[in-house]
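J.: Here is how the chains run, residue by residue.
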Amino acid sequence: MRIVLVDDDDMVRDNLKTLLSMYVTDVEVVGEAGGVCDGLSCLRQLKPDLLLLDVEMKDGTGFDLLAQYGELDFQVIFVTGHDEYAIKAFKFSAVDYVLKPIDPEELVTAIKKAGRSANRHLQNLKIGNLVENKKSIESEQKILLKDAETVFLVAVKDIIRCESETNYTKFYLVDGRKLTISKTLKEYDSLFRDQFFFRAHQSHLINLLHFDRFEKKEGGTVYMKDGSTLPVAVRKRESLMMALNNL
Amino acid sequence: MNSIRKFFLLVLASLPAVLAYSADTTSRSRLDSLNALSKAQVCGQIALSDSIADHVIQLAKEAGYPGAESVALKNKAGNLICQGKSQQAIVLLKMALQLAQEANELKTEGAILNNMAAAFHQLSKMDSAKWCMKQLFEVARATKDSVLLASAYKTKSNIHIVLTENDSVVHFAMKGLAIAEAIRHDELHSAFLTIIGNAHLQNETFDQALEYYLRAREIMLKMEGVVNMGLIYHNIGTCFTEISQPDSAFKYFEMAIEASQLQNRQYQLAYHYMGLAFAYMEVKNYEQAISYNLKSKEISLAIGEKRSLATVLSNLAECYTLTGRPELGISNAQEAIRIDQAIGDKDKEADGYFLLSQAYEKSGKYAESLEAYKKFYSLDSNNLASEKSSTIFDLETKYQTEKKEAEIESLSQKAAIQALEISQKNQAIVIGIIVVLLVTMAALFIYKQRESVRRSQQIELEQRFLRSQLNPHFIFNALLAIQNFMLKNNAQSAALYLTKFSKLMRQILENSREEFIPVAAEIEMLSNYMDIHKLRLKDSFDYKIEVDEKIDVEADTIPPMFVQPFVENAIEHGLINTKDHGLIEIKLGKENEHISIAIRDNGGGLAISSPELKEHNSLASTIIRERMALFNKNLKDKIQLALDNITNEQGDILGTKVELKVPFHYL
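Taken in sequence, the protein lines are chains A and B.
Those letters in the first sequence? Residues 794 to 1040, by the working numbering.
Those letters in the second sequence? Residues 7 to 673, by the working numbering.
Just so you know, the hints here were simulated from the structure itself, not pulled from any lab data.
Cβ atoms here follow ideal geometry from the backbone N, Cα and C, with glycine treated the same way.
Check the hints yourself; a few may be wrong.
Claimed, not checked - Computed Cβ-Cβ distance ranges for the label pairs, DEER-style:
id, chain 1, residue 1, chain 2, residue 2, range
1, B, Ala-434, A, Lys-1009, 50 to 58 Å
2, B, Ile-551, A, Tyr-816, 37 to 45 Å
3, B, Leu-485, A, Ala-941, 35 to 43 Å
To be verified - Once the Cα atoms are required to be at most 25 Å apart in a straight line, the calculated SDA-like pairs of lysine to any residue come out as:
id, chain 1, residue 1, chain 2, residue 2
4, A, Lys-851, B, Asp-537
5, B, Lys-494, A, Val-823
6, A, Lys-810, B, Glu-304
7, B, Lys-540, A, Glu-825
8, A, Lys-810, B, Ser-499
9, B, Lys-494, A, Arg-1006
10, A, Lys-851, B, Asp-548
11, B, Lys-506, A, Asp-803
12, A, Lys-884, B, Pro-478
13, A, Lys-810, B, Pro-478
14, A, Lys-1018, A, Arg-1006
15, B, Lys-544, A, Val-848
16, A, Lys-810, B, Ile-481
All chains should be built: construct the whole structure from the sequences, respecting the hints.
T.: Here is the structure:
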């Protein structure tokens, strides 16, 4: 597998090369670059199989680089420090990433996964969404959801609510579809934190954009615009009122 | 009472020792203490007090200490006043005053003037007494001696009580009372309470009089060596008699008698018995009244006190007449009249004739009765309105009465208007007070609110500041570098890097807690910080730190970590674009109230940075600016900041220059 490294920090590139040579077989670092411009020409010239890409660089971001490159013909793994916005963006689009300082195991897993999936279309869908989301405002962002067979790209504002089913999360969408995704509700709770979502109950996350009314009977019930009703935990009632006020 | 006895015994026992001591030395302090001893006995053990005073006068003359001589003369005069020999007292006091003025002893002068005023007042020379008071107040104010001032008020009140100007009495006594209370001078405190009581007694407002007397008694009971306990009991007894509580009156007169007997005050005793008798007369127990009056008479005869004798004889006359023994009434009244004539008391004489007239009437001797009544009438100037009628007199009386009534009516109207005005005024005052209170409370509330907001702002900012210092990029990059050294088996570099890194962490954590840190600590932290960057960036830049000689790096302290974000900026964004070898220069200088810190780099300047990086910068500098603002809110000398590009003559950017001016303290 031919790899290109793009990172503005010599130390990081050095570190990556060392780790690759020590832990991964069948890979070759064919080129490296310290910025967006250099990286672009490097990629166009070398046509690698895999790009290990830094997020923040002196002359721009990794997102900029990918947007400028256009249709991708290689796999991408992001390398990032502690950038919670970037990490959230990766999660939204199910893009692979490793954290600095790099855990060799994580690196190996990510590279193996990249080697297996040769689905260029999916790759472009993910990166396309990543770049799109970066440009659009929060409420217009889309999230990539995968169930056993299918990949869905769903606008966050079209999600009415999420319901926890043990280790799965069931999504209820505006068009009536129900998707069951193999991630916990907790994960989406934190992903949608900046959106108008509210964790009304242990097993319910609701999108307040689709909230209809709250009734106090039977310990409190939320009515969504699609007619579904959900219980509200007693100690959540007050914060629900506050969240509605802030809408 | 036992305590008083003990006190006297103690004084008597210690006297020989004091006198013996006086034989071998004539120091001033000893004369002062002798004077104090003498003063303690003034009006008490008069002979003892006088003999000590004489001794002091002699010694003071020998020692040339006019101050002590003056005090001794004053003490002697005090004794004379107590014995009613005011004329002689004044002679001594004039001498004493002269000596005190010569010695410039203001306090003594005050005390002397006070005694002089009392003496003149006894002699009814009110002008002289008033002159003394005027002088006394001047002296008291000059010395700022509260006791003296209070004593002055006491004398002043006493003068007014004789002039029966009760309002003035209460006015001055209240002033004195406030002072005495403030300085906790029990003797003066009780004296003023007594004076106010006396004024109320004269005013015949007995309830109030009683209240003040009881308060005075309360204080006197706590004091030692009280000499006129009998008087206060007597006055309380009188009040109880007047407000018709005879049982309490009996009790207090008996207590008065006991007290005065203990102190052997015969003159007072005579009056106590009279008071007791009067109380019994009020309950119509004339036999008891007669027996107590007889006791009083006995004492007055024994000490040759004519005034009390005349009074008691009148009282007896009244009792005898009322109990159907007019003959005894006649003889007692006649005796009383004779004495009153001798001492020239016209009012009392008139009373005597009135009693005589009644006694004659009771015994059926109407001619004598009429004769006595005529005498009474001619003496008594106050009974014109009530007795002995003639037509003209009646008319005049009627006219007078009508006039009086009209006056009273207009007065009561005036009083009503005044009361209304006062109540309006009071209302306004109450409203005013409420408004002031509300405003104060509101102000306090707002202040507290602001204070707590400011506190929480500060805490929040401190946390954000700490987080901005512990930039995660920096931390993870550092850790990555360490990992890299380790992967390459470069244990030494890894260890060095790790050590520097952990030292920096410790410095940041420690310094961020302080409001001011020594310049040396700041420099150490900056060096460490730049060393770590240098290691990571493979020595792609150098740095220089220059410190002005005027700065004492160990003793001068500055607010911590204002410099680091600018250094970080210079390394991360400034130096990247330089073609030369990077160089960061930090210069610390001292200017008046500030320490100036200049950070220069030879990088690409401020404008080069990409928009997104700028965003990152401005985040760090926003926190810096906020922190500066918060610091400046609490500091007298403000932190100043100037950012600029360094350019050459052609306008090319040669780098960035940041100038910080921070206030400093000495450790």
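J.: Against the earlier hints, flag every one the structure doesn't satisfy and list their numbers going up.
T.: 6 and 9
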